[in-house]
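Listed below are the residues making up each chain.
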Amino acid sequence: MELCDRSACELAGMLRKREISSREITESVFKRIDEKEETINAYITTTRETALKQADLADKKFRNGKRTPLLNGIPIAIKDILCTQGIRTTCGSNILSNFIPTYTATAVKKVLQAGAVLTGKTNMDEFAMGSSTENSAFGSTRNPVNIEHVPGGSSGGSAAAVSGGETILAIGTDTGGSIRLPSAYCGVAGIKPTYGRVSRYGLISYASSLDQIGALGRTTEDCAMLLNVICGHDRLDSTSAQVKKPDFRRSFNKGIKGLKVGLPREYFVEGIDTRVEDQIMKAVKVLGKNGADIIDISLPHTKYAISAYYLIATAEASSNLARYDGVKYGFRSNHDLPDSVRMYEETRSEGFGKEVKRRIMLGTYALSAGYYDAYYLKAQKARTLIKEDFDKAFEKVDCMITPVSPCLPFKLGEKMADPLQMYLVDIYTVSLNLTGLPGMSVNCGTVDGLPVGLQIIGKAFDEEMVLRVGNAYEKILKGPHRKDAKNAEKR
Amino acid sequence: MDYDIIICFETHVELKTETKLFCDCLVKYEAPPNSQICPVCTGQPGALPVLNKKAVEYAIRAGLALNCTINRESRFARKNYFYPDLPKGYQISQFERPFCEDGYLEITGDDGKPYVVGIKRIHLEEDAGKLVHSSGSLEASEYSLVDYNRSSVPLLEIVADHERNPLRSVKEARTYLEKLRQILKYIEISDCMLEKGQFRCDVNISIRPKGSKGLGNRAEIKNMASFKFITDALEYEIKRQSELIESGSRVSQETRLFDEEKRVTRPMRSKEDAPDYRYFPDPDLIEVEIDRDFLQGIEDSVPELPDQKLDHLIKHFGIPRHDAIVLTREKKVSDFFEKCALHCNDRRRLSHWITKDLFKLLNDSSLTIEECPIRPKDFSRLINLTDRGDITDSIGRTVLYEMFRTGKNPETIIEAKGLKPIQDVDLLDKILDEVIGENPDAVSKIKQGITKPIDFLVGQVMKKTRGKAPAKKVRELVHKKLLK
Numbered sequence: 000m001e002l003c004d005r006s007a008c009e010l011a012g013m014l015r016k017r018e019i020s021s022r023e024i025t026e027s028v029f030k031r032i033d034e035k036e037e038t039i040n041a042y043i044t045t046t047r048e049t050a051l052k053q054a055d056l057a058d059k060k061f062r063n064g065k066r067t068p069l070l071n072g073i074p075i076a077i078k079d080i081l082c083t084q085g086i087r088t089t090c091g092s093n094i095l096s097n098f099i100p101t102y103t104a105t106a107v108k109k110v111l112q113a114g115a116v117l118t119g120k121t122n123m124d125e126f127a128m129g130s131s132t133e134n135s136a137f138g139s140t141r142n143p144v145n146i147e148h149v150p151g152g153s154s155g156g157s158a159a160a161v162s163g164g165e166t167i168l169a170i171g172t173d174t175g176g177s178i179r180l181p182s183a184y185c186g187v188a189g190i191k192p193t194y195g196r197v198s199r200y201g202l203i204s205y206a207s208s209l210d211q212i213g214a215l216g217r218t219t220e221d222c223a224m225l226l227n228v229i230c231g232h233d234r235l236d237s238t239s240a241q242v243k244k245p246d247f248r249r250s251f252n253k254g255i256k257g258l259k260v261g262l263p264r265e266y267f268v269e270g271i272d273t274r275v276e277d278q279i280m281k282a283v284k285v286l287g288k289n290g291a292d293i294i295d296i297s298l299p300h301t302k303y304a305i306s307a308y309y310l311i312a313t314a315e316a317s318s319n320l321a322r323y324d325g326v327k328y329g330f331r332s333n334h335d336l337p338d339s340v341r342m343y344e345e346t347r348s349e350g351f352g353k354e355v356k357r358r359i360m361l362g363t364y365a366l367s368a369g370y371y372d373a374y375y376l377k378a379q380k381a382r383t384l385i386k387e388d389f390d391k392a393f394e395k396v397d398c399m400i401t402p403v404s405p406c407l408p409f410k411l412g413e414k415m416a417d418p419l420q421m422y423l424v425d426i427y428t429v430s431l432n433l434t435g436l437p438g439m440s441v442n443c444g445t446v447d448g449l450p451v452g453l454q455i456i457g458k459a460f461d462e463e464m465v466l467r468v469g470n471a472y473e474k475i476l477k478g479p480h481r482k483d484a485k486n487a488e489k490r
Numbered sequence: 156m157d158y159d160i161i162i163c164f165e166t167h168v169e170l171k172t173e174t175k176l177f178c179d180c181l182v183k184y185e186a187p188p189n190s191q192i193c194p195v196c197t198g199q200p201g202a203l204p205v206l207n208k209k210a211v212e213y214a215i216r217a218g219l220a221l222n223c224t225i226n227r228e229s230r231f232a233r234k235n236y237f238y239p240d241l242p243k244g245y246q247i248s249q250f251e252r253p254f255c256e257d258g259y260l261e262i263t264g265d266d267g268k269p270y271v272v273g274i275k276r277i278h279l280e281e282d283a284g285k286l287v288h289s290s291g292s293l294e295a296s297e298y299s300l301v302d303y304n305r306s307s308v309p310l311l312e313i314v315a316d317h318e319r320n321p322l323r324s325v326k327e328a329r330t331y332l333e334k335l336r337q338i339l340k341y342i343e344i345s346d347c348m349l350e351k352g353q354f355r356c357d358v359n360i361s362i363r364p365k366g367s368k369g370l371g372n373r374a375e376i377k378n379m380a381s382f383k384f385i386t387d388a389l390e391y392e393i394k395r396q397s398e399l400i401e402s403g404s405r406v407s408q409e410t411r412l413f414d415e416e417k418r419v420t421r422p423m424r425s426k427e428d429a430p431d432y433r434y435f436p437d438p439d440l441i442e443v444e445i446d447r448d449f450l451q452g453i454e455d456s457v458p459e460l461p462d463q464k465l466d467h468l469i470k471h472f473g474i475p476r477h478d479a480i481v482l483t484r485e486k487k488v489s490d491f492f493e494k495c496a497l498h499c500n501d502r503r504r505l506s507h508w509i510t511k512d513l514f515k516l517l518n519d520s521s522l523t524i525e526e527c528p529i530r531p532k533d534f535s536r537l538i539n540l541t542d543r544g545d546i547t548d549s550i551g552r553t554v555l556y557e558m559f560r561t562g563k564n565p566e567t568i569i570e571a572k573g574l575k576p577i578q579d580v581d582l583l584d585k586i587l588d589e590v591i592g593e594n595p596d597a598v599s600k601i602k603q604g605i606t607k608p609i610d611f612l613v614g615q616v617m618k619k620t621r622g623k624a625p626a627k628k629v630r631e632l633v634h635k636k637l638l639k
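Heads up: the sequence lines are chains A and B, in that order.
Every letter in the first sequence is one number past the one before it in the numbering used here, and letter 172, counting from 1, is 171.
So the numbering used here is basically just the index in the second sequence, starting at one, shifted up by 155.
Keep in mind the hints are simulated off the structure, nothing from the lab.
Be careful, since some hints might not be right.
[Claimed, not checked] Taking lysine to aspartate or glutamate and the EDC-like style, the derived pairs with C-alpha atoms no more than 16 Å apart in a straight line are:
#1 B:K383 <-> B:D414
#2 A:K327 <-> B:D302
#3 A:K327 <-> B:D240
#4 B:K234 <-> B:D431
Using the sequences plus the hints, can you model the full thing?
What follows is the structure in structure tokens.
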């Protein structure tokens, strides 16, 4: 197996044993990038030179024999929605195609401080608006599992890079499923933590009350390792939570015996591909056989989630994206423009893609005088009801299991003509953004060679439970796990 | 025809916090363009606002001084509109649940009676940047530059109530603004410098035939930062609107701008063109909860307000009302007075010297009381010296001038300048004898019991000694020599 195909935990162990160097891992990753990138298009920007320098620096730290963070020397890709000082950050959009931030996002700062090696900025749906990574001004990303198919979105570049060995770990963001869906489609593990768990400072906002940064990796342990580094309160983000920061890897090896696992019946109704449903039910059976208590639960307001989500997300987006006006940074239309209003119009017409414009218009409408109560306010009320559904259900269970997506990874172009079909792909994921709850996607096998993702949902700030169940499931499927990072750290 | 006039202000006041409303950048007016900026106040992608607690404290202090109800739960909202000086494409302001609501400000009405003007709400918001045009306006310019130093400086908007006791004349409007500005300066939340744009107004005005009910269509005149212009604009509007009514036309509800050169208002946009700001709660900022201790702390920090201070000066220090009014116009002045008063015997004399002599010196060199080089303690020593008659008032003035120039204490100046009073009784006797010899008429009158020429003789002694004779002592000598 190539180094670039191994898990972060394995590599961390090997690095500590001095069996390999960070430079070797990094070179392996860039070799893979050279081979695959032309087809996959997982990255908008790769940062080979700085990566090699960072790798050498990480190796030096190992040689000096100092205790180093687990992430030291591990290659990581960052979704191009997080600001990186001095490195172009486009958000997948023409309007930021020339934007070089003057500062670095908190989450990125943390991984760099931990010694991670930045391999580049990954492709995404423009401003994270999309479920297939086809809405990028820098071309679509292909699914490395089957290049005819989409990788899911919007963090499709991050998931594809991890899946195809073009990086080891990746940071993504999730506003309506944007980590979980591509993780499911590319067959990797991805967690969206509780809203407020990771600082949003430096994350280019799509919908502020829904956006959350999370981790993608080859295993649940890889996700935990990365989440450990990026989480925590940040005084630069008023919405970041002041909660205790656990070691998420501690939750592993506890098993699932006696855990109450909820199965929301509203998630298994018409619209779901029966092959996906069968695969999920197989996983549920496995969990049951291994001691979990499977409990039927109800989330009665589920049917309002998609509508509420698309109203709130677009309303916030319409305001968040107002700053791209050609005045201060980014793209400005170079037509001969008679006045500032025309400059706004031309810049935004040329700078934004179709889907972004669609959502700005939708959101602007939802906030307009006379419509605010009927749309935005109603959506907020639905959001409260959905939250109450989860609160009630969580009185009875420790976690929930659902599919991530109602369908298998679809083909490129398949849903581009029908935005509504595309929106419905998010049907099982958006509720967690509306409620702020943590959720993750774990691979539960394939159908016709295409990966299916199992979604595990936890209580607020109980990522430990989500990771614990995900990890247990992985272990049941794969048998006793390879050398894990725990051993690595002991050395 | 006679009209009722209905005037109502929305006043924007820049708070003098050390840092901006949502970031750590300094609030600095004299700094070079774009030197006080960061990702947050220039609306960089991904940057997030963090609320300045001091600004909240100031907003609430203003609310308490203007008798408002303080909302214990408050939140910020986004006001969405495009303009090149607005980096995020929205202004963070407040809409529902501002910090303060339902207050009032008491002024003296034109009829001399107290009049309680309703304050509808006070909310906190961020200021925009500043555009510098290559000529006149954005539209007329070949290019315009943006300075974001002012972007996100905390701004307090004080909205008067046009239903609850609006202002009834241009004069009352001016009284209201002056009183409001005085209070805001008193509670030390803003310097309210008009020329620096720290105190700006939008004003609504409508008129209706006297005695009739209901409100006429109003004009809103935007963004004025000079009391003179506000007065001019209001007078122009009253004329314009009454002419419209008298010619049988209707006043249309619209926003207007004041042309400072031509002294007229011009239409800017009609009610139909009013922008839809699409206010909604800012999801980047959490709800602000004002806890009891925080509120109590602010309540305790509200100083004596001008009206209370005026009472205090009159009753406690016994100074004349007209002096007290002058002294309480600014808190810094009344503070100076009170500091001096601690060491001073004759407070009337003190207030007179401050309001006349000291103010003249300050005015002549265009200094504020804070910049006054004389320490209160030294000032009161000077007053005591003149009070005891150790030096004459006229020498006192000379000393004051020197104190103002050098910042030295009065004794040092008197010593150095040789202004020390003559204490040698024999010498004074000798000079008095000379004066008596030179003025037989006056002397005979005094001997006949007419006391008036005594002052004349004392004055003559003063003249010969260039004011250095202690007047009290000379007077005693005159009495001894001529009236025993």
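Here is what the structure says about each hint:
no., hint, in the structure
1, B:K383 <-> B:D414, "holds (13 Å)"
2, A:K327 <-> B:D302, "holds (11 Å)"
3, A:K327 <-> B:D240, "holds (10 Å)"
4, B:K234 <-> B:D431, "holds (9 Å)"
Consistency note: the structure conflicts with none of the earlier hints.
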